[in-house]
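Here are the chains, one letter per residue:
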Amino acid sequence: AQKITQTQPGMFVQEKEAVTLDCTYDTSDQSYGLFWYKQPSSGEMIFLIYQGSYDEQNATEGRYSLNFQKARKSANLVISASQLGDSAMYFCAMREGVGAGGTSYGKLTFGQGTILTVHP
Amino acid sequence: ETGVTQTPRHLVMGMTNKKSLKCEQHLGHNAMYWYKQSAKKPLELMFVYSLEERVENNSVPSRFSPECPNSSHLFLHLHTLQPEDSALYLCASSPLAFGSSPLHFGNGTRLTVT
Chain A
1 AQKITQTQPG MFVQEKEAVT LDCTYDTSDQ SYGLFWYKQP SSGEMIFLIY QGSYDEQNAT
61 EGRYSLNFQK ARKSANLVIS ASQLGDSAMY FCAMREGVGA GGTSYGKLTF GQGTILTVHP
Chain B
1001 ETGVTQTPRH LVMGMTNKKS LKCEQHLGHN AMYWYKQSAK KPLELMFVYS LEERVENNSV
1061 PSRFSPECPN SSHLFLHLHT LQPEDSALYL CASSPLAFGS SPLHFGNGTR LTVT
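Those protein sequence lines, which keep their order, are chains A and B.
According to the working numbering, numbering within the first sequence proceeds without interruption in unit steps and concludes at 120.
According to the working numbering, numbering within the second sequence proceeds without interruption in unit steps and concludes at 1114.
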């Protein structure tokens, strides 16, 4: 079974509008972290935002916010006031075993990605 | 220079060639990773190094051979590759006390096997 699922292969949004990119995850760990990355056509992976499993507040970083619903195991990325430069591939990723005695060595498991296109 | 640097950016090689990908990080991190990104597939973890020791090898064929001579450098040695090995190869690093620390990625090497 896939650990990270992004069901939207592609999304379109009008400039200045908000958009939500979906991510669901599967883990039996109690302590884990969720990350979102942006990958422009240049190939670089740019870290956007992090949510820990024990964080009570939804994470926010500028125009990025994370809609974290732990019971539903979803961690959707919300981009407000979209800009043309937001057009890129977006990846959701999970780090398991972050608790005491964990042996994940920090690795991340990634979803398939969502291509976001922002129209002027 | 800061961050994670990968060279070369692009590489075309025949199936009988031997080449190496290089990754260098100047972030003081002690964990380094190789990921493979093929079209229409999630990033696949290949290898993990922690304090220069290989701690994970995700069933990667032996034609890929990693090397981590020190905590700042990571290599991926390639030999007798197949066309399906054509992909973007991404190197990343993180501190050992990773917690909420993201992986820091290089720009990748775009590999084409002919």
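Everything labelled a hint here was simulated from the structure, so no lab data went into it.
Note that the Cβ used here is the ideal one computed from N, Cα and C, for glycine as well.
Heads up, some of the hints might be wrong.
Once the Cα atoms are required to be at most 27 Å apart in a straight line, the calculated DSSO-like pairs of lysine-lysine come out as [claimed, not checked]: (1) A:Lys3 <-> B:Lys1019; (2) B:Lys1018 <-> A:Lys3; (3) A:Lys16 <-> B:Lys1036; (4) B:Lys1041 <-> A:Lys70; (5) B:Lys1022 <-> A:Lys16; (6) A:Lys73 <-> B:Lys1022; (7) B:Lys1022 <-> B:Lys1036.
Taking beta-carbon pairs under 10 Å as the criterion, some of the chain B residues facing chain A (in silico) [claimed, not checked]: (8) Lys1019; (9) Lys1022; (10) Lys1040; (11) Glu1044; (12) Ser1050; (13) Val1055; (14) Glu1056; (15) Cys1068; (16) Leu1088; (17) Ala1092; (18) Ser1094; (19) Pro1095; (20) Leu1096; (21) Pro1102; (22) Leu1103; (23) Phe1105.
Status of the hints after comparison with the structure:
1. A:Lys3 <-> B:Lys1019: Roughly 33 Å between the alpha carbons, so the hint for Lys3 of chain A and Lys1019 of chain B is violated.
2. B:Lys1018 <-> A:Lys3: 35 Å, violated
3. A:Lys16 <-> B:Lys1036: 34 Å, violated
4. B:Lys1041 <-> A:Lys70: Holds, at roughly 26 Å.
5. B:Lys1022 <-> A:Lys16: With a Cα-Cα distance of about 40 Å, the restraint between Lys1022 of chain B and Lys16 of chain A is violated, given a limit of 27 Å.
6. A:Lys73 <-> B:Lys1022: Violated, at about 37 Å.
7. B:Lys1022 <-> B:Lys1036: 14 Å, holds
8. Lys1019: 19 Å, violated
9. Lys1022: With Cβ-Cβ at 16 Å, over 10 Å, it is violated.
10. Lys1040: 8 Å, holds
11. Glu1044: 8 Å, holds
12. Ser1050: 5 Å, holds
13. Val1055: Result: holds, 5 Å to nearest chain A Cβ.
14. Glu1056: Result: holds, 6 Å to nearest chain A Cβ.
15. Cys1068: Result: violated, 13 Å to nearest chain A Cβ.
16. Leu1088: Cβ of Leu1088 of chain B sits 6 Å from chain A, so the hint holds.
17. Ala1092: 8 Å, holds
18. Ser1094: Hint on Ser1094 of chain B: holds, closest Cβ of chain A at ~5 Å, below 10 Å.
19. Pro1095: 8 Å, holds
20. Leu1096: Where the cut-off is 10 Å and the nearest Cβ of chain A is about 7 Å from Leu1096 of chain B, the hint holds.
21. Pro1102: 4 Å, holds
22. Leu1103: For Leu1103 of chain B, the interface hint holds, since the closest Cβ of chain A sits about 6 Å away, which is under 10 Å.
23. Phe1105: Result: holds, 4 Å to nearest chain A Cβ.
Violated hints, listed in ascending order, are 1, 2, 3, 5, 6, 8, 9, 15; each of the other numbered hints is respected by the structure.
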